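Kindly generate the complete structure, drawing on both the sequences and the hints.
Protein chains: 2
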Amino acid sequence: MEGDCHGGITRKSDSRMLKQYKRNTEVRNSRQLSVLSVEELVEVAGVMGIPEVKPEWVGANLVLSGIPALTLLPPSTRLQFPSGAMIVVDAENHPCRYPADIIARQHPEQKKGFVAAAMHKRGIVGWVEAEGIIRTGDPVTIWIPPQRIYAYA
Amino acid sequence: MEGDCHGGITRKSDSRMLKQYKRNTEVRNSRQLSVLSVEELVEVAGVMGIPEVKPEWVGANLVLSGIPALTLLPPSTRLQFPSGAMIVVDAENHPCRYPADIIARQHPEQKKGFVAAAMHKRGIVGWVEAEGIIRTGDPVTIWIPPQRIYAYA
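Same order as they appear, the protein sequences are chains E and X. Reminder that position 14 of the first sequence reads as 14 in full-length UniProt numbering, one-by-one numbering, no gaps. Reminder that position 98 of the second sequence reads as 98 in full-length UniProt numbering, one-by-one numbering, no gaps.
Rather than coming from a laboratory, the hints here were simulated on the basis of the structure. On a predicted model such as this, the values are computed, not experimentally measured, just so you know. It is possible that some hints are incorrect.
Per label pair, the in silico range of CB-to-CB distance [unchecked claim]:
1. E/Asp14 - X/Gln147: 18 to 28 Å
2. X/Ile149 - E/Ser15: 40 to 50 Å
3. X/Pro68 - E/Pro108: 14 to 24 Å
4. X/Pro146 - E/Pro139: 48 to 58 Å
5. X/Asp14 - E/Ser15: 35 to 45 Å
6. X/Glu2 - E/Gln147: 30 to 40 Å
Sample of chain X residues facing chain E (criterion: CB under 10 Å; computed from the structure) [claimed, not checked]:
7. Ala69
8. Arg78
9. Val88
10. Val140
11. Thr141
12. Pro145
13. Pro146
14. Ile149
15. Tyr152
16. Ala153
Far from chain E, some chain X residues (derived; all Cβ distances over 10 Å) [to be verified]:
17. Gly3
18. Asn61
19. Ser65
20. Gln80
21. Pro82
22. Gly84
23. Gly137
Don't be surprised by glycine CBs; every beta carbon is placed ideally from N, CA and C.
Structure follows, in structure tokens:
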């Protein structure tokens, strides 16, 4: 997204890929956008025992509603918007300490921390295949690739 | 790959995505490279009843050996080479008419056509996450993402 710190064609590799890359290796950016689910954020807040988890606390670029288990959408799933904008899922996002600390400061009474509560409910990261405007209230079409388990892993 | 007609940051959308895009829409290129398997090419030749299917007949950029069912590697699987070069799987490639016609001309005696024989054995297409030299004989490390079936499709 224009102006967002995660935007751009390439990015520096980070701590999630230390097995693959030396830190700060320049790689093609497959984490341009963070997409979360309204319903999953409500579930996470419930588990944490707090009234809500605001999308801006967890760095959401987009918040969608009505997609069951959005975080579990398979890699290469495509999300299409009426303008033609298309986002491709690279991977499930994992809960990290930064939003956890922000929320813990906002809600010291929390019953459970964000990292544990948000596992598999923290949305996905992806990249822009086709550019376009996305407007509040837009419908989204989901294109899921063929699904099967690779048996030789 | 430098100089290859499928290289580049973006590409024109093609007939495989007519449900998603008007033809020739400029989209981010997730099909920069075509990767095939030695063993799958041997199987395809066997089914076709011809001595071999040469990688150059089917537009291969890379041919790997020793990866079972390479074509079935899941989306977002990463293939890493000793130089640091990393290729990310976007999707299974589907057999198309162009190589089928080339092979049929080479081998008019074929018992079965390439399109039918090569289904799920035609390799994958993907994109370069990290640049680097790939040399004949290089080992390759395969990073497979978490596997699960999305139950709401």
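Hints, one by one, checked against the model:
1. E/Asp14 - X/Gln147: 18 to 28 Å: At 23 Å between Cβs, range holds.
2. X/Ile149 - E/Ser15: 40 to 50 Å: At 29 Å between Cβs, range violated.
3. X/Pro68 - E/Pro108: 14 to 24 Å: Violated: the Cβ-Cβ distance is about 52 Å, outside 14 to 24 Å.
4. X/Pro146 - E/Pro139: 48 to 58 Å: This hint is violated: roughly 29 Å between Cβ atoms.
5. X/Asp14 - E/Ser15: 35 to 45 Å: holds, 37 Å
6. X/Glu2 - E/Gln147: 30 to 40 Å: Since the Cβ atoms of X/Glu2 and E/Gln147 sit about 34 Å apart, the hinted range of 30 to 40 Å holds.
7. Ala69: Hint on X/Ala69: holds, closest Cβ of chain E at ~6 Å, below 10 Å.
8. Arg78: holds, 7 Å
9. Val88: Check passed: Cβ of X/Val88 comes within 7 Å of chain E, closer than 10 Å.
10. Val140: violated, 13 Å
11. Thr141: Nearest chain E Cβ about 9 Å off; hint holds.
12. Pro145: holds, 6 Å
13. Pro146: holds, 7 Å
14. Ile149: Cβ of X/Ile149 sits 5 Å from chain E, so the hint holds.
15. Tyr152: Nearest chain E Cβ about 4 Å off; hint holds.
16. Ala153: Given a least distance of 5 Å, the restraint on X/Ala153 holds.
17. Gly3: holds, 19 Å
18. Asn61: holds, 17 Å
19. Ser65: Answer for X/Ser65: holds, closest chain E Cβ roughly 14 Å.
20. Gln80: violated, 6 Å
21. Pro82: Holds, because the least Cβ-Cβ distance between X/Pro82 and chain E comes to about 13 Å, which exceeds 10 Å.
22. Gly84: Its Cβ does come within 10 Å of chain E, the nearest being 7 Å, so this is violated.
23. Gly137: holds, 21 Å
Checked against the numbered hints listed earlier, the structure breaks hints 2, 3, 4, 10, 20, 22; every other hint is satisfied.
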